[in-house]
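Start from the sequences, fold in the hints, and give me the full structure.
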Amino acid sequence: QLHLQESGPGLVKPSETLSLTCTVSGGSIIDSSCYWGWIRQTPGKGLEWIGNIYYSGDTFYNPSLQSRVTISIDTSKDQFSLKLSSVTAADTAVYYCAREDNTWYGVYYFDYWGQGAQVTVSS
Amino acid sequence: QSVLTQPPSASGTPGQRVTISCSGSSSNIGSNTVHWYQQLPGTAPKLLIYNNNQRLSGVPDRISGSKSGTSASLAISGLQSEDEGDYFCAARDDSLNGCVFGGGTKLTVL
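Chains A and B, in that order, give the protein sequences.
This note's numbering applies: residue 1 is where the first sequence begins, and numbers increase by one.
This note's numbering applies: residue 1001 is where the second sequence begins, and numbers increase by one.
By construction, these hints were calculated from the structure, which means they are not laboratory data.
Incorrect hints may appear among the rest.
Derived pair list, reagent style DSSO-like, types lysine-lysine, alpha-carbon separation capped at 27 Å [what the hints assert, rightly or not]: (1) B:Lys1067 x A:Lys45; (2) B:Lys1067 x A:Lys83; (3) A:Lys45 x A:Lys77; (4) A:Lys77 x B:Lys1046; (5) A:Lys83 x B:Lys1106; (6) B:Lys1046 x B:Lys1067; (7) A:Lys13 x B:Lys1067.
So the derived label-pair ranges between C-beta atoms look like this [claimed, not checked]: (8) B:Thr1043 x A:Ser28: 23 to 33 Å; (9) B:Pro1041 x A:Ala89: 16 to 26 Å; (10) A:Gly27 x B:Gly1058: 12 to 22 Å.
Covered stretches of chain B, going by a simulated chain A footprint (3 or more residues, C-beta under 8 Å) [stated by the list, open to error]: (11) 1038-1050; (12) 1071-1082; (13) 1086-1092.
Think of the CB as a built atom: it goes at the ideal place given N, C-alpha and C, for glycine as much as any other residue.
Quick look at the structure:
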């Protein structure tokens, strides 16, 4: 059974960079049938897709966040990471890492999720 | 504001059938498949239905999904107290090249 776990600071100061890592266990991150993604959730805006990365390193970002987001992958550690720069209070959210299945052509869905990491932006 | 539109709440009594709607556009639901998630308080969303109407292993057959045009719906029959929670729809959006979500529907079993 695949398991994903987020880790990183729960408090980030305004204007600084939010950094989170997702560790994948119970399977390999080198999987051609899926992407690895980050999603955040706030009470006000609901669920928001941040971006995805393929095991090869190819990345896909939400245009609304693209200028501030970097997602990277370390296949030797079965980890992928999120960096969000110049954060403000609006970036306060629960951040989830998740696996997006793409076994079938044109069909994409998040089937495995981490438990979520609360990140608060405050001085 | 979420890209996909869902009613904020739905309710029913035990044994009843409830449906939750999800409305989108030609760039998302109109051209891609729809998926449904259940979220219980303090937990991550859990996939229930993928590819419009495919139940994940372990999901009871009283839960079903359908899609028509740019809208989709989730139906739960034989409502049980354990069905209480938030339900989200999701679909790939071709203009975003990524996933978009509904705002969620809070289901209450009266």
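Results of checking the hints against the structure:
1. Between lysine 1067 (chain B) and lysine 45 (chain A), the direct Cα distance comes to roughly 24 Å. Compliance with the 27 Å bound is thereby established for this hinted pair.
2. With a C-alpha separation of about 36 Å, the suggested pairing of lysine 1067 (chain B) with lysine 83 (chain A) is violated against the 27 Å cut-off.
3. Restraint check: the Cα-Cα separation between lysine 45 (chain A) and lysine 77 (chain A) comes to about 33 Å, which exceeds 27 Å; the hinted pair is violated.
4. Simply put, lysine 77 (chain A) and lysine 1046 (chain B) have alpha-carbon atoms about 26 Å apart, close enough for the 27 Å limit, and the pair holds.
5. Taking the CA atoms of lysine 83 (chain A) and lysine 1106 (chain B), the gap is near 32 Å; set against the 27 Å cutoff, the hint is violated.
6. For the hint pairing lysine 1046 (chain B) with lysine 1067 (chain B), the CA-to-CA distance comes to about 20 Å; that is within 27 Å, so the pair holds.
7. For the hint pairing lysine 13 (chain A) with lysine 1067 (chain B), the CA-to-CA distance comes to about 44 Å; that exceeds 27 Å, so the pair is violated.
8. Between threonine 1043 (chain B) and serine 28 (chain A) the Cβ separation comes to about 26 Å, which falls inside the hinted range of 23 to 33 Å.
9. Under the hint 16 to 26 Å, the C-beta atoms of proline 1041 (chain B) and alanine 89 (chain A), about 24 Å apart, fit the expected range.
10. A hinted range of 12 to 22 Å for the beta carbons of glycine 27 (chain A) and glycine 1058 (chain B) is consistent with their spacing of about 19 Å.
11. For the segment 1038-1050 of chain B, the proposed coverage by chain A is satisfied: 6 residues have a C-beta within less than 8 Å of a C-beta in that chain, meeting the threshold of three.
12. A stretch counts as covered by a chain when three or more of its residues have a beta carbon under 8 Å from one of that chain; for the segment 1071-1082 of chain B and chain A the count is 0, and the coverage is violated.
13. Counting residues of the segment 1086-1092 of chain B whose CB lies closer than 8 Å to any CB of chain A gives 3, which reaches the minimum of 3, so the coverage claim holds.
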